[in-house]
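So you can see what is in the structure, the chains are spelled out below.
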Amino acid sequence: MTNHWNDLANSDCILIMGSNAASNHPISFKYVTMARERGGKLISVDPRFTQTSSKADIYAPLRSGTDIAFLGGMIKYILDHNLIHTSYVQNYTNATYLVNPAFRMPGENNGLFSGLTGNKYDKATWSFQTEADGTARKDLSMKDPNCVYQLLKKHYARYTLETVSRITGTPKDKLEEVYRTYAETGKPGKAGTIMYAMGYTQHTVGTQNIRAMSIIQLLLGNIGVAGGGVNALRGEANVQGSTDHALLFHILPGYLKMPTASQETLAAYNTAFTPTTKEPDSLNWWKNYPKYTASLLRAYYGMGCTLDEAYGYLPKIDGGVNYSWLTIFDKMYKGKIEGFFAWGQNAACSGASSNKTRNALGNLEWMVNVNLFDNETGSFWRAPGTDPSKIKTEVFLLPCASSIEKEGSITNSSRLMQWRYKAVDPPGEAKPDGEIISELYCRIRKLYEKEGGPFAEAITRLSWNYGMPDGNGCIRKLDVHRIAREINGYFLEDRTIDNVTYKKGTLVPSFALLQDDGSTSSGNWLYCNSYTEKGNMAARRNNHDRSGIGLHSDWAWSWPVNRRILYNGASVDPKTGRPWDTKRPVIVWDGSNWVGDVPDGVAPPGNGRKPFIMKPNGLASIFGPGLADGPFPEHYEPFESPLQKNIISPQMINPAIKRWDREGTGTAVDSRATADNNFPIVCTTFRLTEHWQTGLMTRWQPWLAEMQPEVFIEISPELAKIKGIQNGEMVTVKSIRGSLDAVAIVTRRFRPFSIDGKIVHEVGIPWNFGWATTKLRQYAQGDKKPDLFTTGDSANLLTPFIGDANTMIPESKAFMVNITKKGA
Amino acid sequence: MARKIKLFDATKCTGCRACQLACKQWNNLPAKQTENRGSYQNPEKLSPTTWALIRFDEVDSGVNGVKWLFRHEACMHCTDAACVKVCSTGALYKTEYGTVALDSGKCNGCKECVSACPFGIPQYDPSTQKVYKCDMCLSRLDNGLEPACVKACPTGALRFGDEDEIMSAARERVAELDGGGYLYGDKFVGGTGMLYILQEKPTLYSHLPTAPSVPTSVIVWKDWLKPLSLIAPGGVLAAAFLHYLIKGPKVVEESSLDKKGDA
Chain A
1 MTNHWNDLAN SDCILIMGSN AASNHPISFK YVTMARERGG KLISVDPRFT
51 QTSSKADIYA PLRSGTDIAF LGGMIKYILD HNLIHTSYVQ NYTNATYLVN
101 PAFRMPGENN GLFSGLTGNK YDKATWSFQT EADGTARKDL SMKDPNCVYQ
151 LLKKHYARYT LETVSRITGT PKDKLEEVYR TYAETGKPGK AGTIMYAMGY
201 TQHTVGTQNI RAMSIIQLLL GNIGVAGGGV NALRGEANVQ GSTDHALLFH
251 ILPGYLKMPT ASQETLAAYN TAFTPTTKEP DSLNWWKNYP KYTASLLRAY
301 YGMGCTLDEA YGYLPKIDGG VNYSWLTIFD KMYKGKIEGF FAWGQNAACS
351 GASSNKTRNA LGNLEWMVNV NLFDNETGSF WRAPGTDPSK IKTEVFLLPC
401 ASSIEKEGSI TNSSRLMQWR YKAVDPPGEA KPDGEIISEL YCRIRKLYEK
451 EGGPFAEAIT RLSWNYGMPD GNGCIRKLDV HRIAREINGY FLEDRTIDNV
501 TYKKGTLVPS FALLQDDGST SSGNWLYCNS YTEKGNMAAR RNNHDRSGIG
551 LHSDWAWSWP VNRRILYNGA SVDPKTGRPW DTKRPVIVWD GSNWVGDVPD
601 GVAPPGNGRK PFIMKPNGLA SIFGPGLADG PFPEHYEPFE SPLQKNIISP
651 QMINPAIKRW DREGTGTAVD SRATADNNFP IVCTTFRLTE HWQTGLMTRW
701 QPWLAEMQPE VFIEISPELA KIKGIQNGEM VTVKSIRGSL DAVAIVTRRF
751 RPFSIDGKIV HEVGIPWNFG WATTKLRQYA QGDKKPDLFT TGDSANLLTP
801 FIGDANTMIP ESKAFMVNIT KKGA
Chain B
825 MARKIKLFDA TKCTGCRACQ LACKQWNNLP AKQTENRGSY QNPEKLSPTT
875 WALIRFDEVD SGVNGVKWLF RHEACMHCTD AACVKVCSTG ALYKTEYGTV
925 ALDSGKCNGC KECVSACPFG IPQYDPSTQK VYKCDMCLSR LDNGLEPACV
975 KACPTGALRF GDEDEIMSAA RERVAELDGG GYLYGDKFVG GTGMLYILQE
1025 KPTLYSHLPT APSVPTSVIV WKDWLKPLSL IAPGGVLAAA FLHYLIKGPK
1075 VVEESSLDKK GDA
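Residue numbers (the working numbering), protein chains in the order written: chain A, 1 to 824; chain B, 825 to 1087.
Hints were generated in silico from the structure; no laboratory data involved. In this text the structure is predicted, and so the values were computed from the model without any measurement. Idealized CB from N, CA, C, for every residue including glycine. Where hints are given, some of them may not hold.
Example chain A residues on the side facing chain B (calculated, C-beta under 10 Å, incomplete) [what the hints assert, rightly or not]:
{"id": "1", "residue": "MET34"}
{"id": "2", "residue": "THR50"}
{"id": "3", "residue": "THR52"}
{"id": "4", "residue": "SER53"}
{"id": "5", "residue": "LEU688"}
{"id": "6", "residue": "TRP703"}
{"id": "7", "residue": "VAL711"}
{"id": "8", "residue": "PHE712"}
{"id": "9", "residue": "GLN726"}
{"id": "10", "residue": "ASN727"}
{"id": "11", "residue": "ALA744"}
{"id": "12", "residue": "VAL746"}
{"id": "13", "residue": "ARG748"}
{"id": "14", "residue": "ARG749"}
{"id": "15", "residue": "LEU788"}
{"id": "16", "residue": "GLY792"}
A few chain B residues that don't get close to chain A, going by computed Cβ distances all over 12 Å [unchecked claim]:
{"id": "17", "residue": "ALA826"}
{"id": "18", "residue": "GLU920"}
{"id": "19", "residue": "SER928"}
{"id": "20", "residue": "CYS934"}
{"id": "21", "residue": "ASP949"}
{"id": "22", "residue": "SER951"}
{"id": "23", "residue": "LEU962"}
{"id": "24", "residue": "LEU965"}
Based on the provided sequences and hints, a complete structural model is requested.
Structure below.
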């Protein structure tokens, strides 16, 4: 979230799209409700009428996978009616920049941006014109036909109400009502916000869905202000923290880039990722990249080696190779992966195309399942219909501690790092994940010490001072405060900076003081300032609100440097420094200092500095050449669609996605059924309040299982009538990849869509279920039986094995199925 | 002591069921094996082990529209509590907070309260031969805490406090909603100790009586004839006969409240 949970209460208009926040983020509705009580409007855009929709002032249905069409229409509406926040757009975005005249857009180029070869874009034309001094050529009047603003206008001119409605199935009057209501927030002093989740991201155009909404937020001047922002509701309490600390393959902690094999030296690596700019007044914060790299390497390897040596120890990935979930499971399916740690996950239910995932696990030599309970992943070899004697995979279950059985921090969607304390000891042999890792590290290190091996030093020289070693030199009890302090970082030598002397061994007070010469350490530069000589900032529990707008700056700590609203420099007039919204100011100049939230910089008003400090030019990107699939979002149909043709262009699907299907690379398991009469119904997946993710933790909980005991499918009365299905009857749902039995909930909360004059039906299934807690499975001696059984398996048995062009997140929210009454 | 009442504001309820679960947790009520019957509502209805339930109703609205209504069903803690009137053992009683509590030790399983309650709240368990219902978390009230359901509600749909304060907050909210909210509970059975602000007219909610009242038989028997019996010994028999004439044999009329289908 650019903003934070409490801040939702400040909003004049909340758009919830790609999320059912009322069900899946129930606490968020405390603040949504407060906003509504203050007169704020709530808009729900969803294929299904949800618990969120039940509270909305406006509900607009759309066919799954057509968000860009919907939002593109809103961009057109805003531009046509000149509802933009002009000063914001001119000063804080790249709308004024002139683009390479050779750049071509889908409307004039068969649905493609210029430069496509195969499934990759050559981005040479996605560039800006430059002046002789290297700065970008601009037109502040935004009238030049090549300026970003005019290109945006031209691109979205195609997204008429008529066309959008034909694609999305949303009635035109509903589109207009949503557009008009939301665009009201373009007035200075008004704030609109977006709450989104997997309904935006789990598409082949997921990143572009978010981009489309971000462009709207920039046009309306809604980023950096209270009650505004672009707010991703993370699906798990600490998923923000795990991302910050580099859970994903392409990053190191603090969003530093993963080094590639071709970057042989630290200097080459830093050069590749340290941006430069000729723009005057731009802070270009990533210019500090080498300081963060050096500090990270010190945290990893200490002072015992040079920074270059330490860099040499880092694992490198092959340039251009993707190591995301889909790739891993495809390789596993093809027998190219020997061992797998399924750590804190339930791959057999959570991954797309579960039959492929489950079969892939059978091609492993070994698997370690680290979890609270046995699950569908750890027991895949004895799933119903599986013959254990045919599976050679050796499976180990390492029981781990739950969040209340250990001390440490979590970072929520608000980027808020909160310290938690241990309430009870873990049961039996269960250990905190960190202690399992520590044990694993110790044993691997000893093996390397004894037997040697390639790059043994990468392991043997790791700095690992997280507690007292036992007689074997292993640290079995972790001191989590040591880890938290290492993440913050230390001065490793005495240093004097701006006349202040920092002693060796003291904690670095802020990332502004991290150094590139190896004299500081920091396990994650973004978290430098979280644990200082003043103490553990995440443990702060002062709920007093000095700001009056709910910043609660003395409660816990948020990155970066306790800033609660990102890009808050954009909340004030660039010349006078006066807040756009004087009733809800985020930062205010008191004559000598900015007060309120931690500002993006300390210079006084009118200094010319641009607020989007993480961008080299200091401006937000309405034109975004960084993505794989285009500088502007363009509507493409989902990988599996009910339509023969894309209504808006000749290009059917996102041209930049990687494909595994038969037409793509020829694997039968990854088949695709698009515009196929055998699978004519659009299907989406969702979560319930009562169950969490694959239900691994909640299905064992009797009170929760009592409320939601069984997988179901929501079907419109019209479709139910066609298929002869009564409410409460069992239905078999089939996609080309798998099938699932579910109870029918026949409900007017799903309506048939009119798509380009034809009726298209959509259904939805929760993906919280799995076979391990069902009554009919076999329980061996010693297996725990749940107190209450749940019925049904994972909705991911149906989902396609295809991902977003940028992130590779699977397209679980729009695919094609058919349904029949069970046994019919 | 000022009477304590609970307010359920349906316009703020998202149907998350934190209240339903918190009730089970605080009162240590077990879960029972259920199945999906084509509805989110589960268990299907109140029971000896489910004292608070979110009811889900779907209502058609316009050509393509639908409304999804959620109602927190639990004891209404009536001012004129029929269950207390008919309870011959004193198991059901009014507390100092004005709530209706239940002392299971005294319950003899006569089920008079089950028949008498206009809201279908008390639940008889044949295995223990006792009746169970929401007691507004008396053990919490005695310790200065709000009921567990109120504590757990994330949106503020449930509130608890002094009658005057809650009543005026409720009236203010209904005024603010300007036709979008219906106050329910202030105009019958002497006023209920749980007030509703409904999002739609009461008739659109399942299992919710639009004009609940203390059954006439209960009034005749308990308020007129019973005091009379203390004066004239022969009156007891006469009164018992009259009771039978007015009311007939004891039948639990669950079905009369369950006419509408749930969604």
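Hints versus structure:
1. MET34: 8 Å, holds
2. THR50: With a minimum Cβ separation of about 8 Å from chain B (threshold 10 Å), the hint on THR50(A) holds.
3. THR52: Since chain B brings a Cβ to about 7 Å from THR52(A), closer than 10 Å, the hint holds.
4. SER53: At about 7 Å, which falls below the 10 Å cut-off, the nearest Cβ of chain B leaves the hint on SER53(A) intact, so it holds.
5. LEU688: 8 Å, holds
6. TRP703: For TRP703(A), the interface hint holds, since the closest Cβ of chain B sits about 5 Å away, which is under 10 Å.
7. VAL711: Nearest chain B Cβ about 8 Å off; hint holds.
8. PHE712: For PHE712(A), the interface hint holds, since the closest Cβ of chain B sits about 5 Å away, which is under 10 Å.
9. GLN726: For GLN726(A), the interface hint holds, since the closest Cβ of chain B sits about 8 Å away, which is under 10 Å.
10. ASN727: Since the shortest Cβ distance to chain B is 4 Å, the answer is holds.
11. ALA744: 6 Å, holds
12. VAL746: Holds, about 7 Å.
13. ARG748: Interface hint status for ARG748(A): holds (4 Å vs cutoff 10 Å).
14. ARG749: Nearest chain B Cβ about 6 Å off; hint holds.
15. LEU788: 5 Å, holds
16. GLY792: Cβ of GLY792(A) sits 9 Å from chain B, so the hint holds.
17. ALA826: 25 Å, holds
18. GLU920: Holds, because the least Cβ-Cβ distance between GLU920(B) and chain A comes to about 31 Å, which exceeds 12 Å.
19. SER928: Answer for SER928(B): holds, closest chain A Cβ roughly 21 Å.
20. CYS934: 29 Å, holds
21. ASP949: 17 Å, holds
22. SER951: With a cut-off of 12 Å, SER951(B) remains clear of chain A, as the shortest Cβ separation is near 18 Å.
23. LEU962: 21 Å, holds
24. LEU965: Per Cβ check, LEU965(B) is outside 12 Å of chain A; nearest 23 Å; holds.
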